[in-house]
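Going line by line, the protein sequences match chains A and B. For the record, in the first sequence the residue sitting at position 227 is 227 according to my numbering, with numbers rising by one throughout. Numbers in my numbering are just positions in the second sequence, counted from 1, shifted up by 260.
Bear in mind the hints are in silico, worked out from the structure with no lab data behind them. Since this is a predicted model, take the numbers as computed values, not measurements. Beta carbons are placed, not taken as given, at the ideal position from N, Cα and C, and that holds for glycine. It is possible that part of the hints are untrue.
Taking CB as the label site, the calculated pair distances span [claimed, not checked]:
no.	chain 1	residue 1	chain 2	residue 2	range
1	B	385	A	38	32 to 38 Å
2	B	520	A	167	57 to 63 Å
3	A	167	B	333	31 to 37 Å
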Amino acid sequence: MSLARASWRAFVVSIRLRVISPWSYLNWLVFPLLFAAVGLYVLNTRGASSSHLVYGVLGGGLIGYWSVAYIDAGNGIQDERWSGTLEQIFATPTPLWAILLGKVCGGMLFGLLSFLPTAAFAYLGFHAVLPALDPWKFVISLGVLTLAFFCIAITLAPLFALWRSAFQMLNGFELGVYILCGFMFPVAVLAPWAQGVAGVLAPTWAVRALYASTVAGGPHDFALWWLVAGALSVAYLVCAYFLYGLVEREARVSGELALA
Amino acid sequence: MAVKAAIEARQLRKIYKTTRGVFRREKVEQVALRGVDLAIEPGELFGLLGPNGAGKTTMTKIFTTLLLPTSGTATVLGLDVVRDQWRMRRRIGFVFGGERGLYWRLSGLDNLRYFADLYRVPPEVTRKRIPELLERLGLAGRERDRVELYSRGMKQRLHLARGLLNDPEVLFLDEPTIGLDPVGARELRVIVRELADAGKTIFLTTHYMFEADAICDRIAVIKGGEIVAKGTPSSIKKVVQDQGVVEFEVVGMPAERVASLRALTGVRSVAVADHELAQVVTIHCSRPADVMTQLGLVLDGMSLEKVSSREPTLEDAYVQLIGESS
Numbered sequence: 001m002s003l004a005r006a007s008w009r010a011f012v013v014s015i016r017l018r019v020i021s022p023w024s025y026l027n028w029l030v031f032p033l034l035f036a037a038v039g040l041y042v043l044n045t046r047g048a049s050s051s052h053l054v055y056g057v058l059g060g061g062l063i064g065y066w067s068v069a070y071i072d073a074g075n076g077i078q079d080e081r082w083s084g085t086l087e088q089i090f091a092t093p094t095p096l097w098a099i100l101l102g103k104v105c106g107g108m109l110f111g112l113l114s115f116l117p118t119a120a121f122a123y124l125g126f127h128a129v130l131p132a133l134d135p136w137k138f139v140i141s142l143g144v145l146t147l148a149f150f151c152i153a154i155t156l157a158p159l160f161a162l163w164r165s166a167f168q169m170l171n172g173f174e175l176g177v178y179i180l181c182g183f184m185f186p187v188a189v190l191a192p193w194a195q196g197v198a199g200v201l202a203p204t205w206a207v208r209a210l211y212a213s214t215v216a217g218g219p220h221d222f223a224l225w226w227l228v229a230g231a232l233s234v235a236y237l238v239c240a241y242f243l244y245g246l247v248e249r250e251a252r253v254s255g256e257l258a259l260a
Numbered sequence: 261m262a263v264k265a266a267i268e269a270r271q272l273r274k275i276y277k278t279t280r281g282v283f284r285r286e287k288v289e290q291v292a293l294r295g296v297d298l299a300i301e302p303g304e305l306f307g308l309l310g311p312n313g314a315g316k317t318t319m320t321k322i323f324t325t326l327l328l329p330t331s332g333t334a335t336v337l338g339l340d341v342v343r344d345q346w347r348m349r350r351r352i353g354f355v356f357g358g359e360r361g362l363y364w365r366l367s368g369l370d371n372l373r374y375f376a377d378l379y380r381v382p383p384e385v386t387r388k389r390i391p392e393l394l395e396r397l398g399l400a401g402r403e404r405d406r407v408e409l410y411s412r413g414m415k416q417r418l419h420l421a422r423g424l425l426n427d428p429e430v431l432f433l434d435e436p437t438i439g440l441d442p443v444g445a446r447e448l449r450v451i452v453r454e455l456a457d458a459g460k461t462i463f464l465t466t467h468y469m470f471e472a473d474a475i476c477d478r479i480a481v482i483k484g485g486e487i488v489a490k491g492t493p494s495s496i497k498k499v500v501q502d503q504g505v506v507e508f509e510v511v512g513m514p515a516e517r518v519a520s521l522r523a524l525t526g527v528r529s530v531a532v533a534d535h536e537l538a539q540v541v542t543i544h545c546s547r548p549a550d551v552m553t554q555l556g557l558v559l560d561g562m563s564l565e566k567v568s569s570r571e572p573t574l575e576d577a578y579v580q581l582i583g584e585s586s
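Bound-form chain B, shown alone (with noise of 0.2 Å):
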């Protein structure tokens, strides 16, 4: 018997309406999902990726009851978003990155007591979690102070704190680390990893390749409100597997050079990223080293450092999932 999944949406589209204009106010129609399918199974800790705009936080919130789909159905442990809002929120926990969404004037504690009462916890449980979560995050010893004197990290696991009060059976997590200093940021990812090797599902969106690669079980990469693929990290990597990666760094790099570039055999890409003074020229290609040996041809005269050759990772096969101009 097939599991069923704790996260499922079909076909699932949203359109926002809104109006642009001063004057004469004009109807507008702006499609963040176009018709997403999805099934996450229990205990699978899941990442989405995609660009700014790609319809992430949008899948995000109508997973948390924030939003209604225009059409399409979305389930999470079997509740339909739209008609069992009540139910599926005292078994769901959401952190949105950033640092709002907190009361700065209140303590961590007192930001816990009132969103354990908001979300029901019987008043006996909320004595003894309250602790248990702020010893697990780190955040013990300074619960009685006003939440704006944390830092960014601080806040962050509040939030987590917070998204875990009515011990969530699946938990939502909107880019979590962004903003975080890299030591905050693993601190962060240690914990989620814990929580899904506990049992829970997690859906996570990140912009980090990395974070997701290191963390999640499977991935969909998101583009346009559509996604264009899904699957393991490994399998995902698939899609540039008969590439690699050349870079170096040059001081100085013409339009022209970048075109006699493209122009070489086995050349999918080339992609010219500003690095202090210098360029950070990266190309994926079929045969590295063929191009490695044309690179003294092509440019000619030019200085060229810390040339390298490397195997494709994760955030190579996104940039070419979603596209360079993304």
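Extracted from the complex, chain A is given alone in its bound form (with noise of 0.2 Å):
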């Protein structure tokens, strides 16, 4: 019960540190915006089909969720660093692990925000909508999804506990997820090479699901999406409980949780 509630105050603190620090803002609300109207500048030529303008209405809203799931808890551990909380919160009687499932559930909630503002500029700005939404498989696929970026978000973000560096080196990860899961276009369009490298990424198999959700046509094999994305998650999760162990004894070796 303790450590439920351990888990609670770290994600009621990761949502108050989010809510006064302005560069909070500008992963949820300003970059999906950004990236949302290049989208559907590019995507809404004459021509273009409704299937290929949701990349443009989700697109930016799909990254915006990414960034902040994934690179928020990372950041924020780097900054917890910076501040010289990390020691702090490590030696607590608290596991790292429940510490950082309330701040990555934090950065979950406002990553979420980031469709808000970009599905209200996709509607008001080109009067793009999902063409042929079936609300309760996008809901599913959204929810599937979500349990593919905290996967990754909380067993990676160890890694930046352990390594002074982690941040510089996971950086590149945030970005190549951009492309290889398809955010902004299919997977489809990508080298046989990096659609391998795209097929062990579980939010790949739940983003086609999301897309496929919201247009028309077919053939879909939402169940065997779910699964799979579903199935790499729980992968994630089981390297996690190892990786866990690994960095709370490692941290205790270089003491590389300290800034110096």
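Got two chains here, separate frames each, mind docking them using the hints?
Here it is as structure tokens:
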């Protein structure tokens, strides 16, 4: 019970810190709008099909959601290191995973907000809508996508605690996922080897299901896509289990929780 | 039956492994602790003194489960720092000096609530304890202000409040008065002494000799990762008990005159420190009266001010133990 309360408090604190942080507004509001604008201007050419335009409607929101969920988790830990609180929270009787659980959930909640400005911008600026939205399939796909983002963020977050330089190394992963997981265009346009890499990323399958739930036609194999995304997410969690044990130990060997 | 130590270290060693160089990276080992033995009794206020880089913070971090020793053993309340960290963390508190380590954009109250939950303190206890701590540490009435609006002294007291949230049996304080103004530092020392008098075991690291002299029951001096002296402040002072100190101010102190002073009978060391436009010369010697009478001969033609002779202090003992080079 006290562990759940600790996680909840970490969630509340992460929300409070985001509410008062200007950087947070850039991440969930400004950057997704910019991506959505670029996407919609590029896709909104004469003769473009509405099935392509959904990449403009949802793409900016997806990028914002992913960025806040993933990068904010790592960036938050880097901030904790800079402000000297990383050691303080690490040395409490609450395991790191429980603290990061609250923090990542805080990021997910803010990340979801990214869909609001981008969808509003698409509708008001371009009269773009989701042409054949199946609400139930859309909601389930968004739920599966949330699970995928959560599992990646919670798995990779402890690496930021372990290495001071993790932020630079993992920053590239954020951008890679934009492309590999088909946030703004179908994965089918990628090179075969890139499609292979995309296949082991859970968001690829969830994003495919999400877009399919907004357009007519097919064939759409939602059950398979949800299952693969869910299975990959669980696999990430299994890795996380071992990773947290490793980080708890290695951070105490290297002393990298402190700035110097 | 012997009292079981509250904090104990046996042959404690810590080696940091790092790399240097850009293109040809070379592995480097940095020895921070070289086989430290230490035993601190329950209820004791123990001070660890040493220069920067001596190993004070490393030792504190090992005892607070933030670092693993490379070899040797360390226990707190009979719990091993390597294996029993989860049980130990509920029973210890720690405070690192300086302004970092708090969420500046949150209020003092939010900081305390957060850490109370991370320390798994039951909510009914938290509701009583936080107001008590705020009152005791002089933060009541300012708890809803953002920490960034606090003075340095208030931040340090908030640190201490955080360290006491779980009512720890053992409290580790790493240079808690660093950077505080004299009044703030004195207030904090009074609180620390009160905590020790209330039965808490306190492990304090500090640069300030008078601080250790004033509040610690026992002290140890660490240099280069090794304990070079251990005992009560008065027993440490005995290192220099057969010595006295002669001090004076002079404007311009040529090196050859310093050498002449060092050559005087009974002189153990001569230190020259700049003080505004003048230099303060401190001579540690076995017969201060003899040295004072010879000053006029050695420093003939120089104008000496504020010539005095005094008993050695803990700082003099510390300087002798650490060596003037540090």
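For this session: Note whether the CB distance of residue 520 of chain B and residue 167 of chain A lies within 57 to 63 Å or breaks it.
Result: Holds, since residue 520 of chain B and residue 167 of chain A (Cβ atoms, about 59 Å apart) stay within the stated range.
For this session: Note whether the CB distance of residue 167 of chain A and residue 333 of chain B lies within 31 to 37 Å or breaks it.
Result: 36 Å, holds
For this session: May I ask you to test the hint 32 to 38 Å on the CB atoms belonging to residue 385 of chain B and residue 38 of chain A?
Result: Because 54 Å falls outside the window, the suggested range is violated.
Hint check: a violation occurs at hint 1 only; the rest are consistent with the structure.
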